[in-house]
Amino acid sequence: MAPLTLDADRLMPADPATRDIARALYAGVRGLRIVSPHGHTDPAWFATDSAWTDPTELLLAPDHYLYRMLYSQGVPLDRLGVAGRSGPSGADSREAWRLFASHYYLFRGTPSRLWLDHVFADLFGFEVALEAATADLYFDRIAEALARPDFRPRALFERFNIELLATTEGAHEDLVHHCAIRRSGWKGRVVTTYRPDAVIDPEHEDFSSALVRFGELSGEDVHEWSCYLAAHRKRREDFRRAGATATDHGHPTPRTADLGSREKESLFRRIVTGGWSPDDAEQFRAQMLTEMALMSLDDGMVMQIHPGACRNHNLKLFQRYGRDKGADIPVATEYVRNLKPLLDLVGNEPALTIILFTLDESAYARELAPLAGHYPCLKLGPAWWFHDSPEGMRRFREMTTETAGFYNTVGFNDDTRAFLSIPARHDVARRVDCAFLAGLVAEGRLNDWEAAELAHELSYALAKRAYRLDENRAEAA
Amino acid sequence: MAPLTLDADRLMPADPATRDIARALYAGVRGLRIVSPHGHTDPAWFATDSAWTDPTELLLAPDHYLYRMLYSQGVPLDRLGVAGRSGPSGADSREAWRLFASHYYLFRGTPSRLWLDHVFADLFGFEVALEAATADLYFDRIAEALARPDFRPRALFERFNIELLATTEGAHEDLVHHCAIRRSGWKGRVVTTYRPDAVIDPEHEDFSSALVRFGELSGEDVHEWSCYLAAHRKRREDFRRAGATATDHGHPTPRTADLGSREKESLFRRIVTGGWSPDDAEQFRAQMLTEMALMSLDDGMVMQIHPGACRNHNLKLFQRYGRDKGADIPVATEYVRNLKPLLDLVGNEPALTIILFTLDESAYARELAPLAGHYPCLKLGPAWWFHDSPEGMRRFREMTTETAGFYNTVGFNDDTRAFLSIPARHDVARRVDCAFLAGLVAEGRLNDWEAAELAHELSYALAKRAYRLDENRAEAA
Amino acid sequence: MAPLTLDADRLMPADPATRDIARALYAGVRGLRIVSPHGHTDPAWFATDSAWTDPTELLLAPDHYLYRMLYSQGVPLDRLGVAGRSGPSGADSREAWRLFASHYYLFRGTPSRLWLDHVFADLFGFEVALEAATADLYFDRIAEALARPDFRPRALFERFNIELLATTEGAHEDLVHHCAIRRSGWKGRVVTTYRPDAVIDPEHEDFSSALVRFGELSGEDVHEWSCYLAAHRKRREDFRRAGATATDHGHPTPRTADLGSREKESLFRRIVTGGWSPDDAEQFRAQMLTEMALMSLDDGMVMQIHPGACRNHNLKLFQRYGRDKGADIPVATEYVRNLKPLLDLVGNEPALTIILFTLDESAYARELAPLAGHYPCLKLGPAWWFHDSPEGMRRFREMTTETAGFYNTVGFNDDTRAFLSIPARHDVARRVDCAFLAGLVAEGRLNDWEAAELAHELSYALAKRAYRLDENRAEAA
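Chains as they are written, first to last, in my numbering: chain C, 1224 to 1700; chain B, 1224 to 1700; chain G, 1224 to 1700.
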């Protein structure tokens, strides 16, 4: 059996002098509390604080980073415990875990491997690597640990030193778990994020039902344009009360529009009556980004735009398993012309914050850094999704810093539903940023004391400021 | 005269600790046999085993990497021995070689320089660099060597430690040289690859004549849709018997289609009667990629797609010299939407292997790694053509590994018609991969024993598995 | 107060062995005279040799790199001394400078910081860093220095060791300052560059008035196609007499055209009568690039194409402040198909030199290096504008060298209106190129003596040859 050890200097630069600088920077930030302003954990965990029980169900079955890789090598999803549309996988948890273990070598060189080994060694105390021969050892020890009180969600939240954790809820979803968390008196700060995609995107498979629920929750006749907008305002207020400081928009493109009021109404009528074309759908999403920006100007919510994924690319997988099954594929994404209508309207407002993300790295230096390095309302979200990795984060810094600087970026997002991996993900980000800063110091481009300040900003402070996390504390309390 | 020495540590990382790791990895793979599953050498060489005689004709005149650079600096092609449409160049071989030698400094920093110096030093034993002053020395010594028996094609094949070499033949070409190789009793394993572009692409200048020859060789009425498909099946079978395990498709784009049968027939009728538009041509190529994938599902041939070159960009050069004269220029290439029709049909088949190549590096992290890291049928071909270089290979690993891992890649292709450079090219690839792996080890991202396993996979084993080279051995024998 | 020291080894590689190589290369080129063949300084400075007086007016207010960053963080432009359309900023110079100083930390990690610190330490002798606490110290000492004779434009030109400086004038502008420089007997070589955008681009806001002035200066009826072309020929000749060896073309795209003569005339008629569509405008710019290339074949002027900026992206800023206010944003740029009409016509002419620039780095390895590594007329301009930075220059070399080599590039352009920063900018470029070359030597890819030759080429000689700066000396004299 191969030993499992975490190199204390992992992700530090190889050059000894640069490594020393990076180590010193990292020592200054490794213990900082975790601010997680964007992610997808389940608020029910913290509301009920029930124990997780099954390693496969907790670590493997919900993690599309993991099963997409196994699937790419011919392992069927249902053997991994991934539920389909027709119900839960029939796979035995232990068998699924063994299958995962015997394919763990596939993750060599990937961030999943870094995150998981961190979790295995640090959280569960494993000293041998995961492989076929250790699959049962892993399964049993993890299952045992999860049964203990110190592995309950709230205990881990505290052990992980999390200062704030944002989840994401739909505009058509209630906030019952967030309310329960607040009522419980537990001090952990778990907040929500307003994600209205399902009631904005007519091509979303849940659009019609989500719209109905949106109407019920807001008490508005959401099939009428002005009431539909009013419903958004009301629900944003609900979310603010549940701690939200931000909205999030996962559109196919970053297209925006600024239509006249008659055009908007007639477009909306086609959308809600089902008489829309694909162009209408795109136009409506575009107009709604602008509407959301205008509402943000009023209520101060930070706006996040996550464009550029071709969702549910694998037709048969989608038919059998539904969405979010590792089959979303990035496409080229244009920002300069797409964002112009919105920016023409509100781009110069310093009171507005719009955080842009991309899956198209060719836009970093060409479009995104120049935009964020000019417009007062724009900031750059961190390397996202497929690029949330050591090389991806390094490319992000290399391709954005020289034009946008560090202060038009917003720190790290773990963006994960894999709660146990949150410390590992922030640790990777801190290490990679410290390595990048150390390179600048080693090459005489930055003073060491500046790098130390920046390491703190990138690890902690920028996220709090960009997401206005101090501002809403009073309001939500 | 400047000395010519090959640095034993060339392409190894500069940092001493990382270099030590890389050296150890490289020591473990440098002697591995060469597997060359995709290339363009001439099978006649191995069939006839005739001596080459002329340095210019062997090394310079067929190598578009070389003469495109010289041409870019104003050296006319015919002075370099490049044949035109109207016949062979009138250039004197020695004069052409002198011209090349006096411009050899242009290749500083290019892979051609690395490959050629390796050939010059290792194969021909030169200890002084190529320049104007040494042009004749080079010309004479190379000419002398080529006259010796140990420089005949088969002797070099063996000296180069080649386990397998694939050539590429058109669907309209006979396999006479491959048959001759097999009949000769020589043990060298030279196989063919099925490349049907000339009978699939109506915009290919040889389409009509190739189609006629395709009909003759297959005995099918290839102007009728079902017989045209049958001809492909027959010829694929011929190629399989000549050792082929793969097909290859050099299309302008990776567009695929899945048309209804009536649509296919009427499209085909327009194609073979000459009444097609450029859109028809693109649509037909698209449909044929899908047909080829379906045939691969049946006969197990691995499918390679090499898209994204704007061929024959230089109009006057094409008119005078014909195709493949260094004037093919890459263009932006979209995979996600283009491949969808094919993937909707057969993307989830683990029995199918489609190897994707690109000339558009912006697609590595954005499209190709996410696709290959999900679809069971997809794998990533190595850095190709203009990117088959130290920096190009490094970027390939940096931009694909974190999402697709190493095991969705397929090892190295030398992809060359420059037979003498094959060992140099594989050596460069092995060094660059070992350097990349050493970086991961030095940064604590990979264990040294894992890196050693991976170095073997990338240098040797992945190519054999991905191209199914063991599977067809029996069948072809 | 933080000390300000310039690290003597700044931008040198961190690895000690590579650093030693880079240092030796840099020592060989750091003292070379500056050749600046493309830039935007004001020739009036050298004609009148008047003292600058105001630090803000000289260093901050004209530098869009600086105020775009401050603007992105909410600092209004008029508080920084930036003039609007309605007149000069009402800001107090010292107050503007203080505002800049207190935000100087925003430039950490940017090239502006490298350039400015070089200017502050080297030219003005500051030993403390710029920050709020030192704002007045800086303001006063710079103001004092500017009043001294050795800080006059010509004195600095000489102190900066400038061999040649090119400015850029419009086809509709007189060359009075260049004439005055020549008449003055001063030995400094300041030449002009022919930039006809305002009389070629009907979408330029000054098109109509520029056209009138173009007619006056050329004495041609520029509303008639053949006379319009004749006017270009005359004015190019005027510019040649004022030392110009090059033209420059800042088009939205690199589209070119080769229309028939009747088509050209009717297009031109629409353009000059105002009856043009956006497509006509693009088509006219495209045709004019081809016309300019044909004229260059006649008169030997080197042609520069700077495409791919979406100009004046910020509508409200443009309305209030006009063009060139930091709101130009790069867009994806296609070269292969766009340049084909021009290249079909004159691409194989070795007597023609067209230097291509890009703001879209994804085109470096995909399109630009393959084009320049083939066509005799094409060369690659250095990393431009947003990419004129250490990482940007490094990417340029990494992504172009292996295909185009070094000899299809043209050395460095400072491309600046910030005269005081010219030595700093050339110094950064020399350091980055030496670091790149040192990496090649350290990895055994290049001999040290070759690297030394190349360092000289990249720092000095390539620019002189590519821009034909020796050829025109006699003619202009």
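By construction, these hints were calculated from the structure, which means they are not laboratory data. Hints may be right or wrong, so weigh each one.
[Said to hold, decoys possible] Covered stretches of chain G, as calculated for chain C (at least 3 residues, CB under 8 Å):
(1) 1233–1242
(2) 1328–1335
(3) 1452–1465
(4) 1609–1615
All C-beta atoms in this analysis are idealised placements derived from N, C-alpha and C, irrespective of residue type, glycine included.
Structure-based check of all given hints:
| no. | hint | in the structure |
| --- | --- | --- |
| 1 | 1233–1242 | holds (count 7) |
| 2 | 1328–1335 | holds (count 7) |
| 3 | 1452–1465 | violated (count 0) |
| 4 | 1609–1615 | holds (count 6) |
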